Each structure stands twice: as C-alpha cells, then as structure tokens.
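Peer 1: This is what each chain is made of:
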Amino acid sequence: MPRKLRPDDDVRRFASVWLGPPGYSFPWRARYLAYMVGFAIFAAILLIEAITPLHVGIPPIRELAVTMLATTAIMTAVNHDVPLNAAIRNVVNVLRAPRPNQDQLGTSRVRPVARRVKITRTPIHLDPEETHEVAEQD
Amino acid sequence: MKLLNRTEPEEARGDAKATPSRLAIREIHGNLTVTGKTITAWFVLSPQRWSFTTDAQREQLIYSFARSLSALAGRRVHLRSTLRPYPAREWAEKLYNNHPNRLPHFADTIAAAQVALRKSTMSDKVVFLGVDLKTRGRFDRLRGSALAEIAKQRTQLARLTDIAAGPGMEGRPATTPEVEWLIHRSIRLGLPAPTLSADTESSWESEDMHAFTDGVDYSYSKRFASTVAITASYDGLTDPNTGEKITELTRHVAVLATGRMGAITIPQVSRDPWMQHTDMLSFPVEWASAFDVLAGPEAAKATERKRLLIRDQQKQYLLHGIEEPLDLNEKAELARVIEHETTEGDPVVAARCYGWHRIAVSADTEEECLRRVQEVMDTYQRQQVDIRHPKGIKDGAAQFPLLQEFIPGESVSTDAYQRRLPALYLAAGLPHASASVGDRRGFYMGYTTSHSRRAFMFDPWYAMEWQEKSGLIPVWGELGSGKSGITGALAAWSTDAGNVTTVVDPAARLQALCDMPRLRKHAKWLDLVEGMDGSLNTYAVVAEPNPAHYESEHKYEEARQLARMARKTLTIDTARQLLPAQVDRMERTPLVLHDAVRRVAPERTSSMWDVVEALRAIHRDKGDEHALALANFLHDMSEMPQARLFYPNTVRDEEEHTDTLLVLTMHGLELPDEDKPRESWTTAQQIAVPMLSLASYYGTRRVYNLDPNQRKMIALDEGGMLARWGSGQSLFTGLARNSRKWNTAAIVASQNPGDILGMNVDNFVSTVFGGRVESESNASDGLNMLRIKAGHGYEQVLASLSPQVALSDERKRRGARDFLVKDVMGQVEKVKLDWSHDPELLAALANGSVAIREEEAA
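So the protein lines, in turn, are chains A and B. At position 4 of the first sequence (counting the first as 1) the number is 4 in the numbering used here, and the numbers step up by one without a gap. At position 223 of the second sequence (counting the first as 1) the number is 361 in the numbering used here, and the numbers step up by one without a gap.
Hints listed in this document are in silico derivations from the structure and should not be mistaken for laboratory results. Note that the coordinates shown come from a computational prediction; the quantities given were computed from them, not determined experimentally. Errors might be hidden in some of the hints.
[Said to hold, decoys possible] If you want the ones that stay clear, here's a sample from chain A, every Cβ over 10 Å from chain B, calculated:
id, residue
1, LEU19
2, ILE45
3, VAL66
4, PRO83
[As the list claims (entries may be wrong)] The calculated lysine-lysine pairs, modelled on DSSO-like cross-linking and capped at a C-alpha distance of 30 Å, are:
id, chain 1, residue 1, chain 2, residue 2
5, B, LYS257, B, LYS970
6, B, LYS879, B, LYS693
7, B, LYS607, A, LYS4
8, B, LYS232, B, LYS257
9, A, LYS4, B, LYS927
10, B, LYS970, B, LYS607
11, B, LYS529, B, LYS360
12, B, LYS662, B, LYS439
13, A, LYS118, B, LYS175
14, B, LYS927, B, LYS607
15, B, LYS290, A, LYS118
16, B, LYS760, B, LYS232
17, B, LYS879, B, LYS607
18, B, LYS760, B, LYS706
19, A, LYS4, B, LYS444
[Unchecked claim] Chain B stretches covered by chain A per the calculated footprint, using a threshold of three residues with CB under 8 Å from any CB of chain A:
id, segment
20, 471-478
21, 535-541
22, 562-572
Beta carbons: idealized from backbone N, C-alpha and C, even for Gly.
Assemble the whole structure, with the sequences as input and the hints as a guide.
Peer 2: Printed below as a string of structure tokens:
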C-alpha cells in the first residue's frame, strides 16, 4: 500500500516571530532569535563603550542603529537551513582557513597530513576468547 | 602492527607553501577506524536489486533497510557511496586463464575489450556503512593503542555486525584494505582511484597512511571559492586515451548539500530511490552522509517543542487579530502526526535519522565542474529536492571543510543543511541499489542502461561450472531485434577461447563468421542442403553414446536406450512430415508407421529405406493396403531434391568435423508460415520442417561425441520451429537436461518466447536475453521467462527496446542493441549489447545481414 513520507523539517519551516506585547502589534515582524541577537549585540556594544574611552550615547541612538544594522546583517545569513550556531561556526571556519597567497600563485594550498597511524590487518574477531591471540599476532 | 613516522609538510607545488591539515584518523584495526573522539566500525553493503521488481518487493526492501537503521538507534551512522574503477586488468587475466584451450589470438581479443573498458566510464558503485561504536573519553585518548577499548566493545561490535548483515543491508565487515582504499579514495576525491582487487584480503602495494596523503594538495583561489582543486602525484599512471605517462593530476571538486526535500510516496514503479538519481548522470558523483538515528521517544521530544512553538505562534496571531500564515495550521497537523508516529507507531515507522547529506561532483576544469553542479541541481529539482552549493558566509558552509567530511574519521564541519528524516524516508534513498547483472568473469557484452552504467560480462559456462545449474540460454525477440548478433558474438568468442562451437543457422546469417580472418583456419561452414544423400539420415544424426563418457554400465545402457527411442521418434515424425497432409491425418497412418519403425533396428546404420521396406513387408504379411500406400509415398519423396538428404545411397562412416567452429546452414530452406494450415504448404516447405529438426540433431551430435567435461557451445536458430513437433521437443528438452552434465552452453533463438516456454524447460534456463517484442502475448511470455511480474508496466519496456531501424541504414544496423537480461543469479537489467571493440565481428555480422537482404531481394 502506498505510503506518503514527509521530512520532519517541514515542521520547523516557519518563522517564529514576536508580534509585540498583547494589545500592541509591532509594525514589523522579527523573529525571537533576532531580538535575542540584537540584545546580545547591543549589550556587547555598551560593554565595549564602557571599557573603552568611547562615550555611551543617551539616548543610545548610535548604538541602536549599529545594533539594528548588525542584527539585520547576521539574520540574513540565518534561515531554516543555516541556524545561528552554524552561521557562527562557518565564519570561524572561513576565518581560520589558509589565506590566498597573493604574492605567489594566488591560491591557498592545504596539504592533508597523517598522524602516526597504527594499522592492524588482522580482522577483529568477535569471539572474546581469541582477543589475546590476535594481540600477540600483532 | 605498523607504526608510521609522522610526516612533515614538504614544499608544495610551485612556490606556494602548503599549510598542513591534520587528519583525525589515528588507527585502523580490521574494519575499525579510531580517531581521538570515536571508534567507528565500517561495513560494505551488498548491492540491492531495484530494476524490474514489483512494488511489493520494493516496499519490502525499503522497509527492511529502515528496520536495520532503526536497530542502530542512539548511534551516529555514516553512509559513504563511492565508485571503484572496474578491475579491467584482473578481469582480463581471469578470462585469459579460464580458457586453457584458447586460440593464439585470444589475448588480442581480450585486450581490445580491456581497452574499451578502460576508456569508458565503467565503474562499480561501493557503499560503505560506518557506525560509531564508541565515543572515546579524555583518558582513552591518552592511552596508546585503542585495542584494549575495542576488546571491551566486542559484544557491541558483534551486534552491529549482525544488524549490518540483516535484510535490506546485507553488509559484511569491510576488510582493512577496503578501509584503507576508502580513505585513499576520499582524500583524492575525483582523482583516479587505484583498483581494489576483488580478493578483499589482498594487500596494497603501499601499506601506510603516509602514502595516502603524500603528494596530495588542496587549493582554492579565494576563501569563498566555488570549488576546491585537488592535485595529486602519480607514479605509473597511463592516460588510457593517449597512452602517455601521467605524473600529476588535478581535479576540481564541488561539494553540495541537500536542502529542502519534498514529500515522497513509496513504493512507485516509476520512481527511483532518491540517492540513485546521480547514478544516471554521465559523470561520477559521490555521497557522504552522517546522521544520528533516534528512536521514537527521542524524536518525539524534539518534535514536541516545535509543536508547542507552532501553537504559541497561532495564539499570538489570534491575540493580535492578525491572519496567521496559511501553512501554520498544516505544520501543526504535521507535528501531531509526527508525534503520533514517534510515540504510537512501530519502531521502524517511529525511528528518525537527523543528519547531513553531501554530494561531491568533480571535473577536470572548474567550468566543467560548475556545469555538472548545475546538472545535479536540475536533476533533483525535478524530484522536488533542493540541492544547495554553499560557497561562503551567507550559505552557511564553505567548500574545503565540506570536502573533508568525505574522509572517514573527519567530523561534520557545520550544522547547516541538517535534514531530519523519518528512517523510512532515508531508507527510500537506498544508496546501495545498483544495476548489477552478469558474472564479472566472462566475455564483455556491453553495459547496463536502466539506472547506471555498469559493465556486463557473460560466461556461458558459469552456470554449469559454478552454480550447478543448466546451461540453456534462450534468446528471443522479433525480427531485427538482434538475436543473431548475440548468437554470432558468443559463437565467435567461444571459438576464440578454443571451445568447440556449433551453430545451426538455417538462414545463413552467421556463415560470415567462418570468413573472419582470425577464425578462418579454425572454422568451417557446411551447407546441409548441398550435403550428400543421406547426410540427414534420421537414424544416423542421433549420436551413439560412448561408454567412456558414462560412470556406470547402467547409465550407459540407459543412454543407449534413449538414443534408440530418439531415432524411432525422429523417423516417425520425419516420415509423417514427408506424407501429404491428408494422408498424415488418416487414423491408421501413425499406427502403421509405428509398426514399421518397430521392425527396423534403431541403430545408426538403418535408414528411411529400411522403413519403406518394412512397410512393404507389412503389406505382404498382412495385406495392409494402407502400408503399401505409405511405402509408395515415402519412396516417391526420395526423388525430391531436398528429401534425398534423408535417404542414403551408401553406407558410410560418420563425417567427423574437427574444426573449432562449425556453422551449419541451409540455404534456400523455406520454412512454412506457422499461421497457415499444413494443406497450404508447398512440398519444399513440407520438407523444410524435418530438415531443420534433423539439422539440429546433426549439430548436437558434435556435443555428445566429445568429452562431457570439455566446454562446448551449440546455438540453434529458429528454436520455435522445433517446438512444433515431438522429436523437436525431445531434442530440445534433452539438450536442456544434459547441458550441465555435458558442460554445454545451449543457445536457442526464437521470435516467440512462448515457443520456448511451451517446451517445459523452465527449470533448465540459466541466462535469458529478451529482445524487442510488441505483441501482448509475447510480452507476457517474455516477462514470465525473465521472472518479472506482468501488469506493472514492464510490457512497455519490452516494446521500446531497440526500435527497428530502416534496413537501408547500414550504420544503424551495426549499432548496439537493447536487451533485457536475466543472469543465472536471477538479476534482471536492461543492457545495451555493444561490440564496437570487435570491428571484425561487427563486419562479419553486418555481412551476414547484407547477404540475407540480397537473397531476399533476388
């Protein structure tokens, strides 16, 4: 009998948005995640301004503007297929990758290197009584 | 155990220094790989048949695979689908050594096929299953070898081995050479892979990891590159097209990720497993999947949270008086269904596989690689699967880290593009479904075309020598489908291999084989119609058993008795065919004939004259006028030009034909139209039927005169005609029954598969070649012989094979032909039979066709 199969991903493919407090609907739609990222960025900016000689604006219009721009930029890279942690990890991977060597051939070269690899050709026997014997043969 | 020195990065190619990238793998023990974090057990999955199976069989296969996957709940599983070059050299050596009586030029014949194999993109698909046996702790990593850890996991390993061997997977533990080969292949993705011997225990030329990574560089022009170029050094590699030595090769590789996947319905005859779509592309593609198998309750927890989020969203929209998105309710329902499946459904339905599926595409240049990437995307777009090509920050993944995921032991580089699939959905991908037909040791016949391109080898004696089955090989199809081509090719190659081959070819299509330059000295063509009087004597054509060929006196006597009975039956049938139709139908005719034949000694020295004399004796003794009339009719028939072949004038010794290839033709033989009544047949047509049967007996005499263990081949054309009368059927069933004992490959060609089925030789059929048939009844009979269930749409496949081309199109007539082939193991595939690597054979087959057309035109 034919059976219809659907990926479970479909259940996750919706924008989890915060429409605003009860009784007041925001004129924009933003995901919960966007608010969390924005809050984290805003806090980071304030912390940086507090540590450095930079002046904290009151009202923090500049800080809010930077926060909104940064949050928008980050959230364009975050979607159902690319969650936030994957986007962050990807940035780290790319930054850690070897840089193109501009004054040489214009390419980055990576060479896979093996560790000290031990190889045993004897099949692993599933009978525990044979374990000792195999190790001796190795 | 070997300990290897740590490699130091050398100066890379050109002026650019390469940055080292350390691989995670540390140890390999048997089929286990050990990294700092995990121990993984690797298995090789057996290819599963998909083509020409019923919906029920496909559903069962998918369900079995899903059941095995669900048994791995709680573990990380890896699926690695890769391609292994066809071991052409090994095949050639085996074929050469398998025929000790080969003719001197046999090596050249094989070499031509070997070159064709190497030039083509023929490869074998190999699917590895990796299951994480254990996650290593911090202290485990500090210890030396992992052998002690492995020893504690033997019970788990045994359980995994049992699961992998179960239905749907039918896997076996990979050997260490296979694991090493996989690592080698994965590091040099897209580059020519070394041949892995079918002898899975054989060792590598190079035994250490050092050699795998040595001389390999990955390079890309920018951090957000579309592809990665892999360059590797080679020693002893030759370009199959130019014959030049190659010391360094570069391939551009792009890694793709599976994006959104649509709903599928299983099973469907018209729908292939979703991981198999890449097999149909004209370039090699590899897959690497890593996923966690979740049992129902675990998956339910993950879904529960999402379901609550969806409900929260719906409440929000309601609270704010805003219309909710259309699909939100649908997702809520889907979440409920998933929750129900994962909590109430059986373990197979409930199990989930959450993970990542990557596809690697390679080419010689970046442009070609990107073109192939687009082709993969387009292919899957038609199947409602979104394939993504991540290149940088916005795509969530970069090429180089994705590329490393293909190497066993390397971890998933990014959580992006994670797919959460029911185990049944993943199982419906069936990565190990593969086109597989043939014995991998015989003559190179062509390649499969249904889902992927795999070489098809056929050894006509494999069934008898290795599978203890009979050697009957039916070949059927309508006019122009290519039956004679198959017979001719097998006859020519059998002769090349030094095996005694006899072809009964009434229409003389294969006469030209004897004129092939390489076969001329070893072949003979004999036109039976031009033979001496009595060359088709009904008593002499049946071989006399040789006592040396039988184990006991009893069996020898039994064979002698059967031969005597065959002579009597043949004589009666021939005599009845020679009589006018009205006389044959008289009630007394068979009785009188039986009486007469009983009076004649059933030895090889008797003849139709003795029967005539016996009939006259009956008339003398009993005054039977009917017997006299029959005697006169048979005597008169001896004066017909072709009937003289049944009436010897002198007693002479049997002619011995010692040539390796003997082609028996019957020029001018005019077979009657089977649909017309016998009364409308001409005298020539009347004689043609027994002539054909006697010619077949003549041909089989060569089989029974030789040593039973010696390999032989006999090919009978117009097999359908044999089915129409008793002695013909006896010949046929005797040949089928004796084919194993006499190590004889018996090829029988017919236009109608029903003729062969009607002879009740089903149990003796080994390999079947089914060509184009358009009529419904023929299609039904053909599917029956191929063991394919009718009524599932496969009748159209038979009708669409090798469309008939215009006779005047000589170029097309020399081309390949499509056939459905069922091999001795029961595997069925659509195959393109292509002998372009043997131009001498093609020319001979084409000449035969030309001769027929000229004769018909005249």
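Peer 1: Okay, which hints does this one fail, numbers in order?
Peer 2: Checked against the structure, the hints that fail are numbers 1, 4, 7, 12 and 16, while the rest are satisfied.
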